[in-house]
Amino acid sequence: MINEIISMNGFGAYVWSAFSFTLISFATLYCVTKLQLSKEQKRFASKFGSLNEEKARAAKSQNINREILSNTFKI
Amino acid sequence: MFKYFEPNKIFVITSRAPKYVLFLFVVVLTIGLTEALILSPEDYKQSDTVRIMYVHVPAAWISLGIFVSMALLSVGSFILKNKNFALISKSLAPSGFIFNIIALVTGSIWGKPTWGTWWAWDARITSMLILALFYGMYLLAWRIYENKGQVIKITSMIAILGVINIPIIKYSVDWWNTLHQPPSINVLSNSSIHMSMMIPLGIMTAAFALFSLLIFLMKYNTELIKVKNKGLDRL
Chain A
357 MINEIISMNG
367 FGAYVWSAFS
377 FTLISFATLY
387 CVTKLQLSKE
397 QKRFASKFGS
407 LNEEKARAAK
417 SQNINREILS
427 NTFKI
Chain B
22 MFKYFEPNKI
32 FVITSRAPKY
42 VLFLFVVVLT
52 IGLTEALILS
62 PEDYKQSDTV
72 RIMYVHVPAA
82 WISLGIFVSM
92 ALLSVGSFIL
102 KNKNFALISK
112 SLAPSGFIFN
122 IIALVTGSIW
132 GKPTWGTWWA
142 WDARITSMLI
152 LALFYGMYLL
162 AWRIYENKGQ
172 VIKITSMIAI
182 LGVINIPIIK
192 YSVDWWNTLH
202 QPPSINVLSN
212 SSIHMSMMIP
222 LGIMTAAFAL
232 FSLLIFLMKY
242 NTELIKVKNK
252 GLDRL
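Line by line, the protein sequences give chains A and B. For the first sequence, the residue numbers in the working numbering are 357 to 431. For the second sequence, the residue numbers in the working numbering are 22 to 256.
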């Protein structure tokens, strides 16, 4: 059974390489996108940390900024 | 109506959704791969090479669908002067490009055992390659141009020009005598594909659509945070 799945009637090299290429492309794109997102979140957190109290309060008044910060600290 | 799609309002959803979409994607992909590689029957003519269809066809469909969406969003950003449309379009492009490349590479792998060649300058394959070039130009333009107004105009033009290629891709197998087979699935009439192959194809298409949604959400969140980073500089 396993041998049949691997050999695919002699076409295993074609079938498995097509599926492998697809899954490797998915994994690469996911990792690159995740890395870019984490980098931007960290940049936001570090910029937010350098704000004075008044500016930090003004920035925190926006829902989106609070949401970004809460997601950043979950990483 | 567009006020409900303002980034500030939808970020709460887009920032929390990826983990659920990722979970759903893994589940659907596992079922799809089991169906495609083990449970679905081999073809009487193409034998097991037909299984490549389960990655090749969904990838091609989704890359075309994403490009059409990008063109519509570009028209929207031109007419309504809504920058959020441009951000959505930019966030869709990476997954569309990857699906286009997957369709080309898996098509080439499928071509060798069935046609006896890795590549042919046939109408369907060449028009898909042109689509990949449009995707490439679109993504490059976002990297090259710094001026936001200018980059939105240029990328919108690329998407609108590129969409002319979509009907050419769709009807290339009918208009020209090509190596590529005519469509087996037709929405308006009976499909020539058996249910035992249609089910895994549907599941794999759903998995690929979920993956493009996942990448879109992550990319869109990245773009919104970039905008907010600039906002912090201006405080």
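FYI, nobody ran anything at the bench for these hints, they're computed from the structure. Built from N, CA and C at the ideal position, the CB exists for glycine as well. Hints may contain errors.
[Said to hold, decoys possible] Chain B is faced by these chain A residues, among others (derived, beta-carbon under 10 Å):
1) Asn359
2) Phe367
3) Lys395
4) Phe404
[Claimed, not checked] Here are the simulated DSS-like pairs of lysine-lysine, each with C-alpha atoms no more than 30 Å apart in a straight line:
5) Lys133(B) / Lys416(A)
6) Lys416(A) / Lys398(A)
7) Lys169(B) / Lys247(B)
8) Lys403(A) / Lys66(B)
9) Lys66(B) / Lys398(A)
10) Lys133(B) / Lys403(A)
11) Lys403(A) / Lys416(A)
12) Lys416(A) / Lys66(B)
13) Lys66(B) / Lys390(A)
14) Lys133(B) / Lys398(A)
15) Lys390(A) / Lys40(B)
16) Lys411(A) / Lys251(B)
17) Lys411(A) / Lys247(B)
18) Lys416(A) / Lys191(B)
19) Lys395(A) / Lys251(B)
20) Lys411(A) / Lys169(B)
21) Lys66(B) / Lys395(A)
22) Lys390(A) / Lys169(B)
23) Lys174(B) / Lys411(A)
24) Lys191(B) / Lys398(A)
25) Lys411(A) / Lys104(B)
26) Lys104(B) / Lys390(A)
27) Lys102(B) / Lys416(A)
28) Lys398(A) / Lys247(B)
29) Lys247(B) / Lys102(B)
30) Lys251(B) / Lys390(A)
31) Lys251(B) / Lys398(A)
32) Lys403(A) / Lys191(B)
[What the hints assert, rightly or not] Computed footprint of chain A on chain B, listed as stretches where at least three residues anywhere in the stretch have a Cβ under 8 Å from a Cβ of chain A:
33) 147-157
34) 238-246
Restraint status (C-alpha distance of Lys416(A) to Lys191(B) at most 30 Å): 49 Å, violated
30 Å limit on alpha-carbon distance, applied to hinted pair Lys403(A) and Lys416(A): Roughly 13 Å between the alpha carbons, so the hint for Lys403(A) and Lys416(A) holds.
Straight-line alpha-carbon gap Lys411(A) to Lys247(B), limit 30 Å: 18 Å, holds
Pairwise hint evaluation, Lys403(A) against Lys133(B), where the allowed Cα distance is 30 Å at most: At roughly 53 Å apart (the allowed maximum being 30 Å), Lys403(A) and Lys133(B) break the hint.
Within 8 Å of chain A (C-beta), three or more residues of the segment 238-246 of chain B: It holds: at least three residues are needed, and the segment 238-246 of chain B offers 6 whose Cβ sits within less than 8 Å of chain A.
Distance restraint between Lys104(B) and Lys390(A), which requires alpha-carbon spacing of 30 Å or less: 24 Å, holds
Hinted pair Lys251(B) and Lys390(A), Cα distance within 30 Å: The hint holds at about 20 Å.
Restraint check, 10 Å cut-off on beta carbons, for Lys395(A) near chain B: Interface hint status for Lys395(A): holds (8 Å vs cutoff 10 Å).
Given pair status - Lys40(B), Lys390(A), alpha carbons within 30 Å: Holds - the C-alpha atoms of Lys40(B) and Lys390(A) are around 12 Å apart, at most 30 Å.
Hinted pair Lys395(A) and Lys251(B), Cα distance within 30 Å: Roughly 14 Å separates the two Cα atoms, so the pair holds.
Interface hint for Phe404(A), Cβ within 10 Å of any Cβ on chain B: Nearest chain B Cβ about 6 Å off; hint holds.
Pair hint outcome, Lys403(A) versus Lys191(B) [Cα-Cα no greater than 30 Å]: Violated, because 48 Å separates the two Cα atoms, which is more than 30 Å.
Taken one by one, the earlier hints fail for this structure at numbers 1, 5, 8, 9, 10, 12, 13, 14, 18, 21, 23, 24, 32, 33, listed in ascending order.
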